[in-house]
Amino acid sequence: MPLDLATLLASMIPVALLAGLIGLDVVSFPQAMLSRPIVGATLGGALAGSPEAGLVCGTALECLALESLPVGASRYPEWGSSSVVAGTVATVGTTDNGLPATGAFAVAVVVGVLFAWIGGWTMVKHRQLIARFARPRLDQLAAGSRNTVVGLQVFGMTADLARGALLGATAFLIGVPVAEAVHANWTLPENVSRAVVITCVAGVAAAAVWKDFHAISGTRRLFLAALAVGTALVVWGA
Amino acid sequence: MPAGKSGGTPSGNPAVLTSQLVNSPALPAALRATMLLRCLAIQGSWNYEILVGNGMGFCVEPALRRLPGGIDGPAYKAALARQSVYFNAHPYLAGLAVGALARAELDQVPPERIERFRTALCGPLGSVGDRLVWAAWLPACSLVAILVFGLGAPPLGVLLAFLILYNIGHLGLRDWALRAGWHHGLRVAQALGHPVLQHGPRYIGRVSAVLGGLALPLAVHRAIGGEPPLTPVPLAVAVATPVFALVLVRLHGRAEGWRVVLLVLAAFVLYSVVR
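Chains as they are written, first to last, in the numbering used here: chain E, 1 to 238; chain X, 239 to 513.
Source of the hints: derived by calculation from the structure; they are not laboratory data. None of these values were measured; they are calculated from a predicted model. C-beta: ideal position from N, C-alpha, C; glycine also. One thing to keep in mind: the hints can contain errors.
Claimed, not checked - So these bits of chain X aren't anywhere near chain E, every CB distance computed over 12 Å:
#1 268
#2 306
#3 348
#4 350
#5 354
#6 369
#7 414
#8 441
#9 451
#10 466
As the list claims (entries may be wrong) - Label pairs and their calculated CB-CB ranges:
#11 225(E) with 303(X): 52 to 58 Å
#12 229(E) with 474(X): 20 to 26 Å
#13 264(X) with 237(E): 49 to 55 Å
Claimed, not checked - Short derived list, chain E residues pointing at chain X, Cβ under 7 Å:
#14 187
#15 198
#16 234
Bound conformation, chain X alone (with noise of 0.2 Å):
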């Protein structure tokens, strides 16, 4: 049971905070399962003023119900209030702070130290899901849907390996980052040195690029036809590929792909209607 409610005196004294990680309450069942499915739609009112703050107080809320006096009582309202103000963070580790700032509530820490500690978890929490999901596991789930599609997979099979692979990350990730965050309480930065988080992206970055270079021509195989591969077209296209991927490359930051892809494709339809 979290110490607020017993009437515990929590502070600030590490000794204490020591004490709150080794005796940490577990997380009800049925509370970990709404959390979870509110922190689904945590970004549900993202904007640029308080980003995605009114998230937070809604995925943190079923936790503050168990404050004393419940959803009339003083102490709710003045956690809800806190807990709805600016934050941000990646969506999938915004779990993380959702069950830490959902502990530190629950054992009525001070409220200047909970806003202290929410500001500081800002910038950790988006910076380390960006490198790990959005610039690594995305990425890599894309090329293994690719590669399935170069195999010959159907649709349903293609949609699946992706959907299947990906989401066991995805639910994964935001399981464990509630369950951590509500372990660990205000000492949820020793869950960020976890080694998935600091060495994830570099593994699988390298297996990205082993995926990529697998997939690519067996996808371009597929797409065009499957023609033998040593006839004109398809011999054009494994010379043109890496000649236009180039000049993208060298083009870096001063002009987007898909732009170029948008202004050429305009192009030859309309070059191949009026011609």
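If we strip away everything but chain E, and leave its shape as in the complex, we get (with noise of 0.2 Å):
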């Protein structure tokens, strides 16, 4: 049932909450990989009352960010604000298994990397805020005041957190009545749309790891070798 406007207001402030601090977790405290959106997505999840939604969306979003590394100062999605919201939004339809409905699933996963993306960009303004901060700062740090440090320090992790839980809620408001929407709208069979949106992620995820490893002699044969073993475990598991 569609969530009046009052309703979404208030289930946005936990979820908002939980993405400010998971925003802080991808570089500013304390990068416990809190933010992996295998994490983000399943807290997401429980936080809307099911876990187990949350964790096949941030299975599928952990998939994606295989690719993605934070290396030095490049610039990359943000996965953990906007995971967070994915889970909650994949909760929003569910099966009698636990499994995200398909049309929240697919909209969950637009959602996560669509916001990280958003987020990607929302950590270079962050970044440029702490520069101009601290741009008239300079002299006091030079005179070596301990203030100066620490105040710069609890700006920067403060704005952090207050970036993390504007993209959440941003994320959520614009997330869940999208999901609504669809699900209540989706046309094609449970079982082929599923299939897409996880064709899909696991091809990147396939890909990441044959390129991230390629350097060092032998990946790739371990690689399809452990692939083929996979494979005869589904098949005889089954």
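Build the complex: two chains, separate frames, hints provided.
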């Protein structure tokens, strides 16, 4: 059943707070990888009452995140905050065995990727904001001011927390109504639709493993051999 | 006790440095805990002008309070100013620099030598950390999580498996870096020759290839609902996934997979709703 505006706003607050905390983990504190999609989306799903749906969505996003490594000062998607919302969006409709319903699942993955991309842009803006804040204080830094050093850290982390929360709130306010509308109007068969989404994310993950470790001799042969073993396990396990 | 506290006269003399290494003072437990905690927030004010420079000052600061005169003394202010300028390093390995620079400041090594040493550390700490953590350990732990999911673990099991495994490496590396930096002082380059830093990425890469191969079929099977594998939909997925992966590998450098997926899925959602 579609949420009314008041309920939507009330539901948004805990999701935004969690998105802020998880967004903080990406770079500022403590980088314990709570911000990986498989964690963020599962927590988002749990917050909405279905950790299983969040986990499935998080695994799909984790496959995509394998490709974008947060190396150096490069710009990369910010998966943390967006994953929390994606996990929540995935719970808009669930099947009997706890999987996200296909329409909600597809929208959740789209929301996760889209807002991870936007989140990467907000991180750039956040870093520029810290630089602007620091510039008039460089003289105090050069004088060895303890308060300035600590103040800059606190400002940066507070701004990052607010950035993640704002991003999460925006993604939630857009993602949940869209997922409800799509879920209600989904016309394709459930199993085929799910297969399309999974094929996309698994393809990215396979390509990422293939590319990421290519410089190490023998890894591609190991990957193909393990892929054969994994496939055999699925067939025999069934 | 650091030499500086007892009025020692450290210098750039290699014999003196070797003697300092042999007589390395223990890093006091409370100081170690405080600096380690601050290292978790070292990137809190990361920006495009001084990068992690302010974070370095923030992490070294608890040690600097032990300089003669305390936090109001000129030695403290000069040292904090030196440590809060431009710096770049991988966040997990920055502890090597934090420990080494804290030791150098407390030993009252000449400022120009500290500055040269600080500048020289930036490059290696960045590249070694990126190779070991972002390009090896993180994807390996991600693949473990996907494998655990594929094996049917509940949400809490997947989360705990990932977070515990990843953070054993993460926190272990941060703690080792801080202790090694303090122990080696200005000779911290020796610590960068540690076998885990040098050869770890290669071994982790091989394990990751195996994990990836095992994890993907199992995780795909669970995510599509556990349908019998020899039925049309799972078979179609088994054929289409490597084909799509091949296309992405061919596109390497021209289009990132997640962008392609965003477009494909957005179009798919629209098609399903408006058809």
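Here is what the structure says about each hint:
1. 268: 18 Å, holds
2. 306: 14 Å, holds
3. 348: Its Cβ never comes within 12 Å of chain E, the nearest being 17 Å, so this holds.
4. 350: 16 Å, holds
5. 354: 19 Å, holds
6. 369: 9 Å, violated
7. 414: Holds: least Cβ distance 16 Å, greater than 12 Å.
8. 441: 9 Å, violated
9. 451: 2 Å, violated
10. 466: Contrary to the label, residue 466(X) does not stay out of reach of chain E, its closest Cβ about 5 Å off (not over 12 Å).
11. 225(E) with 303(X): 52 to 58 Å: 56 Å, holds
12. 229(E) with 474(X): 20 to 26 Å: Check passed, 22 Å falls within 20 to 26 Å.
13. 264(X) with 237(E): 49 to 55 Å: Cβ of residue 264(X) to Cβ of residue 237(E): about 53 Å, so the range 49 to 55 Å holds.
14. 187: 6 Å, holds
15. 198: 5 Å, holds
16. 234: At about 5 Å, which falls below the 7 Å cut-off, the nearest Cβ of chain X leaves the hint on residue 234(E) intact, so it holds.
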